[in-house]
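First to last, the sequence lines map onto chains A and B.
Counted from 1, the first sequence has number 59 at position 59 by our numbering; the numbering is strictly sequential.
Counted from 1, the second sequence has number 7 at position 7 by our numbering; the numbering is strictly sequential.
If you're looking for bench data, these hints aren't it; they were derived computationally from the structure.
For each residue, glycine too, the CB sits at the ideal point set by N, CA and C.
Some hints could be false.
[What the hints assert, rightly or not] Here are the in silico distance ranges between beta carbons for each label pair:
#  : chain 1 : residue 1 : chain 2 : residue 2 : range
1  : A       : Leu-183   : B       : Trp-112   : 42 to 48 Å
2  : B       : Leu-14    : A       : Ala-111   : 58 to 64 Å
3  : A       : Thr-16    : B       : Arg-98    : 20 to 26 Å
4  : A       : Arg-129   : B       : Leu-174   : 30 to 36 Å
5  : B       : Ile-76    : A       : Arg-66    : 53 to 59 Å
6  : B       : Ala-25    : A       : Asn-83    : 47 to 53 Å
7  : B       : Tyr-30    : A       : Lys-107   : 56 to 62 Å
8  : A       : Lys-107   : B       : Trp-112   : 44 to 50 Å
9  : A       : Arg-129   : B       : Ile-274   : 38 to 44 Å
10 : A       : Arg-129   : B       : Ile-111   : 38 to 44 Å
11 : A       : Arg-224   : B       : Val-105   : 52 to 58 Å
[Said to hold, decoys possible] Capping the alpha-carbon separation at 25 Å, the derived lysine to aspartate or glutamate pairs in DMTMM-like fashion look like this:
#  : chain 1 : residue 1 : chain 2 : residue 2
12 : A       : Lys-182   : A       : Glu-5
13 : A       : Lys-336   : A       : Glu-151
14 : A       : Lys-130   : B       : Glu-189
15 : A       : Lys-103   : A       : Asp-25
16 : A       : Lys-182   : A       : Glu-69
17 : A       : Lys-342   : A       : Asp-220
18 : A       : Lys-342   : A       : Asp-255
19 : A       : Lys-113   : A       : Asp-28
20 : A       : Lys-10    : B       : Glu-189
21 : B       : Lys-285   : A       : Asp-128
22 : A       : Lys-167   : A       : Glu-178
23 : A       : Lys-107   : A       : Glu-59
24 : A       : Lys-103   : B       : Glu-189
25 : A       : Lys-113   : B       : Glu-189
Below are the chains, spelled out letter by letter.
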Amino acid sequence: MATVELDDIKKRFGATEVIKGVSVDVADGEFIVIVGPSGCGKSTLLRMVAGLETISDGELRINGTRANEREPMDRDIAMVFQNYALYPHMSVAQNMGYGLRIKGLPKAEIAAKVRDAAELLQLTELLDRKPRQLSGGQRQRVAMGRAIVREPSVFLFDEPLSNLDAKLRVQMRLEIRELQAKLGITSLYVTHDQVEAMTMADRMIVMNEGRAEQIGTPLDVYERPESLFAAQFIGSPSMNVVAAEGREDGLHLGDMVLPNPTGAHGTVMLGLRPEHLSPDPGGPITMEVLLAEPLGANTLLHGRLANGQSFTVSLPGVHRAGHGSQTLRLSIPPDKMHVFDKKSGRRLG
Amino acid sequence: MEKRVTFKGWLLPLCLIAPQVFISAVFFFYPAGQAVWQSLFIPDPFGLSSQFVGLENFEYLLGDPYYRASFVTTAIFSTLVTLAAMIPALFLAVMADRLVKSAGVYRTLLIWPYAVAPAVAGVLWLFMFNTRVGVIAWYLGQLGYDWNHVLNEGEAMGLVVVASAWGRISYNFLFFFAALQAVPRSIIEAAAIDGARFWRRFFTIVLPLLSPTTFFLLVVNIVYAFFETFGVIHTITSGGPQQATTILVYKVFSDGFVGQDLGSSAAQSVILLIVVGLLTVLQFKYIEKRVHY
Ligand SMILES: Nc1ncnc2c1ncn2[C@@H]1O[C@H](COP(=O)(O)OP(=O)(O)OP(=O)(O)O)[C@@H](O)[C@H]1O
Ligand SMILES: [Mg+2]
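Here chain B stands alone, though its shape is the one from the complex (with noise of 0.2 Å):
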């Protein structure tokens, strides 16, 4: 039975809903609304007074290469992120739910890497690929690998996405654990029984009901592909060589903070949120489908 409070009055009510509008509007609405009114105007060199010029900030971000460049970075960037942080978190997870004995520690041990902060993680991934002195990047050297994603934008892709989604394998790995953890016994057993060794089982039976924590992971992981990268990104590439790992976010920060072009980057902030918007709405209509709850 579903249990619903129906109150009397309004006042309550109000008072109840109130701190959850208030966060909502002074974080998102407020900022969303003034991004959306910047990105109409052009503000003059000395930052003193703006120019009203509708449009014009969107078309000209459309019809910039470098900013169709950062869209496609962006796409490439994310889905990378997202299979990197998922895959091995599902195979951490599987393995670690064969585990009988010490599968608390091994929990346990993997959660430490989500406590780092992005831009921290960053630093560390830096110092290990440092070309001059990561203790990789000299390994490489050893082996005869010239590593260098200071120059070579395929490098600097690879390292932003490691950094990146090494944090987010315990975040995922948390959740495909308790998942495993909720398939029940006899289903599994009676797979065994039906003649399904252990990787057959895995993709016939426990894939597919693991499929509403995967899905919600995907949405997560991508949005965190899509903003909280930043850090890493600073730290470890700001953006280059070249532009090879400017996403749009970081696109945002450069035009508007250092290229101080904040019409354009407040363009480029609404541009984003209506991605974001759709993304979302795309996935939650064309994979729930094939999600069984």
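Chain A on its own, in the form it takes in the complex (with noise of 0.2 Å):
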């Protein structure tokens, strides 16, 4: 019921330019995910957005108007925190009523709200505990709750499922997404999990060091990354970059020639993902095998190119390779070779 709309926003703490200019149009009901490094401003970028943290430039727009101005109470927003910060005194069915009896709406209806969301987040036997007397999924359960209730135009979420373990972060995080989905308001996640981003992500804003590398869908992200940064953050494990020289005959990698899908000149920077590499005993890529890491599904192998930069090849299924050296052939389609430019780190063609 809202679109959100930031227009090169930017952030300064004294004379420390921390988010650089982001714009982004967050469409009605969609789910966009921030993803980034520890220290990118992905938290400071939400909280403006929230009105925690005032906007030093650039124009945030909730529902076409301007929102640079209003106060956190007057943008229609919800947000969980990391640490999921429950009023410590109040009782579950307390906490997820406040916003609501702050609006000054009358106690039955009040609870029967509460009671909706309760149901809906299977929290019905809880109501009446404090929350130090909850697990720590079952907070998270609460501050969502808190959060659905007010049935607010805009949810910000930063890092709600880092303080969870893996297994309940997997299902937490496939609860949040069928909710949003169901009660269809505009939201914005923040993390730092790669994985959190792919899976949760209409479409999402890999940031860096206060700007937005790349905005788009996660396979819009992985298949075309646009900038060498994006290419290495997104997918595991980590896409393999090597300097290359780029000549009239392919990419040249000391003795190794591969295809040039770009035709780029002079030294570039080329990515292959560990994933789209297979053995070919006439491959042009000549990779000596230095350890072997059995993941059940998959095998990943690290090693070394002949020139000495350091790779990975991930291989489907259990893959005998690897104790002592061995050398193996590889080769890659031409297609799912990215090449950047080696200065501006941006994607060449």
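Two chains, each in its own frame: build the complex with the hints.
Pasting the structure below:
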């Protein structure tokens, strides 16, 4: 029920610019994931949308109207914090109903809404407990409940799952996504976990040092990373990047010659995803295997190229290679090769 | 994980608690025992001998209208001092907490009054309100108000309350300020997003989270008002006019050391001891239930 537009948003703390101009138009009902390494400014960006940090420059529009100067309570948003930020002196029901009480709704109506939300989140049994009597996962649900009872136009999440164990994280990831789809509420979701970003996002914003490196659907970003940073951040294990020399007859990597899909000249950075490489006795890439990591469904082979650069390959199934040195010949389809400018790190072609 | 140390013998633990036991014995149990013992005697007018009278001292006291009046005075005085010491402190702490930049300077300045001894504070306030030379009394006179705490009972009470509470504001401020700083920022932010504005947040979120501190300060301030305000009262009003500011502790002093009625004075000390004991137990029993730890 709301669109959110960020128009060249910047944030300065004193003299340091932390957000260096981010623009994105979030459609109604869209689930946007902001992903990036620690310290890149994800939380700061989200907090500016929430109204918890002032916006130094640029314009924020919610539903088409400027919201820069609006107080958090006047933005019709709800936020789920990393540490949940539940009110410790209130019961679960009171926590969830607090916003409605502030709005001045009648008691019966508050109780009904809280009950509905509790049912949706399987919290009915816990309504009378205090937050300290709940497990991490339950607290997380209460924080979600507190956000949804108010029926806001925008949901903001700041790493809501990072305090949970791996299994619960996967489960909650699905639950949040289902809930959001059911309620159709526009959402901004911050995480540093690229798997979360890939699995949850309608579109994601890959952030690095205060800039949006790329904005697009998870598959877009995976298949056509616009920058070296996005290429290496998204995908696991992360992409191999090697320096190569572009010439008429192909891309030269030491003695190895690969096809040159973009026709680039001079030194470029070549990105090859470990899972796109396959063993090929006549392949152009020669790798010395030093270590194998069998993961069950696939096997990671770590090693290095003839010029000493480290290199990783992911092969399906169990692969008996690797103990002691052993050479492996590999090839890759040209449409899976990513070529980046050496200086700017931007994608070529 | 809680770390517990288990001692093998009994000598070391004994040595470790000995200083505490020794101090308690010398400065609390011994004088308290003396007071209880003395309260059972009436000394002769020259203080040369004393006569055992059992509980007669207590009987006399409880029937004495002056003593009962002193009870009421103490209740009013300590309530007012506690409120006057805590509410401004909380208000100042909330304001300092909102301040981002010069909070440190502000805090340091606010601590100074605490360094002033109660008796000195008493003299300070006495000078300001002195009916002949006091600055404030003079200003009040200019405004047409005739200040005279030497004669007016209400004004006398007001002055000793203010003088007693003044120095305590710093102390309370420090605790409130620290407690406010410890309230997680994200909880306040969550409440802001939930729609609560500043004062609403203060009353529904911050104040309840401060309740352990508030409770602690309540106990400490009441005990202060009971026992440590002697210097203030002595310098400003000496319990007057007409006993209007004679709190229980002051009466112990004036009956015992001025009136030389040591038996009655000792009995009053014992009663005082019981009252404070009861008060503390009551506070912990009933108010603590409403405290969210
Ligand atoms: N109040 C502040 N004053 C000065 N610098 C700040 C402030 N808040 C954040 N920063 C800086 O802004 C940058 C971005 O911080 P932010 O919290 O947005 O990172 P993040 O991407 O959320 O990281 P993480 O994944 O660790 O939470 C950091 O370098 C941080 O030091
Ligand atoms: Mg963060």
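Do the hints match the structure? See the list:
Against the hinted window of 42 to 48 Å, the Cβ-Cβ separation of A:Leu-183 and B:Trp-112 comes to about 56 Å, which falls outside the hint. Under the hint 58 to 64 Å, the C-beta atoms of B:Leu-14 and A:Ala-111, about 59 Å apart, fit the expected range. Between A:Thr-16 and B:Arg-98 the Cβ separation comes to about 25 Å, which falls inside the hinted range of 20 to 26 Å. In this structure, A:Arg-129 and B:Leu-174 meet the distance hint of 30 to 36 Å, their C-beta atoms being roughly 34 Å apart.
A hinted range of 53 to 59 Å for the beta carbons of B:Ile-76 and A:Arg-66 is consistent with their spacing of about 57 Å. As the Cβ distance of B:Ala-25 to A:Asn-83 is approximately 48 Å, the hint placing it in 47 to 53 Å holds. Separation of B:Tyr-30 from A:Lys-107 is about 59 Å and conforms to the stated range, judged on CB atoms against 56 to 62 Å. Look at A:Lys-107 against B:Trp-112: about 48 Å separates their beta carbons, and that is inside 44 to 50 Å.
For the pair A:Arg-129 and B:Ile-274, the beta carbons lie near 41 Å from each other, so the given range of 38 to 44 Å is met. A hinted range of 38 to 44 Å for the beta carbons of A:Arg-129 and B:Ile-111 is consistent with their spacing of about 41 Å. In this structure, A:Arg-224 and B:Val-105 meet the distance hint of 52 to 58 Å, their C-beta atoms being roughly 56 Å apart. The straight-line distance between the Cα atoms of A:Lys-182 and A:Glu-5 is roughly 23 Å, inside the 25 Å bound, and the hint therefore holds.
As the CA atoms of A:Lys-336 and A:Glu-151 are separated by approximately 44 Å, the hinted pair breaks the 25 Å bound. At most 25 Å may separate the alpha-carbon atoms for a hinted pair to count; A:Lys-130 and B:Glu-189 meet this at roughly 20 Å. For a cut-off of 25 Å, the pair hint linking A:Lys-103 to A:Asp-25 is broken: about 30 Å separates their Cα positions. A hinted pair counts as satisfied when its Cα atoms are at most 25 Å apart, and A:Lys-182 with A:Glu-69 does not qualify at roughly 31 Å.
Only pairs whose Cα atoms come within 25 Å are accepted, and A:Lys-342 paired with A:Asp-220 is accepted, the gap being roughly 22 Å. With a C-alpha separation of about 20 Å, the suggested pair A:Lys-342 and A:Asp-255 falls inside the 25 Å cut-off, and the hint holds. Between A:Lys-113 and A:Asp-28, the direct Cα distance comes to roughly 24 Å. Compliance with the 25 Å bound is thereby established for this hinted pair. With a C-alpha separation of about 21 Å, the suggested pair A:Lys-10 and B:Glu-189 falls inside the 25 Å cut-off, and the hint holds.
A threshold of 25 Å between alpha carbons decides the hint, and for B:Lys-285 with A:Asp-128 the separation of about 24 Å falls inside it, so the pair holds. Taken as a hint, the A:Lys-167 and A:Glu-178 pair is honoured in the structure, with Cα atoms around 17 Å apart against an allowance of 25 Å. This hinted pair does not check out: A:Lys-107 and A:Glu-59 have alpha carbons roughly 38 Å apart, beyond 25 Å. Straight-line distance between C-alpha atoms of A:Lys-103 and B:Glu-189 comes to about 17 Å, which keeps the hinted pair within the 25 Å bound.
Between A:Lys-113 and B:Glu-189, the direct Cα distance comes to roughly 23 Å. Compliance with the 25 Å bound is thereby established for this hinted pair.
Violated hints, listed in ascending order, are 1, 13, 15, 16 and 23; each of the other numbered hints is respected by the structure.
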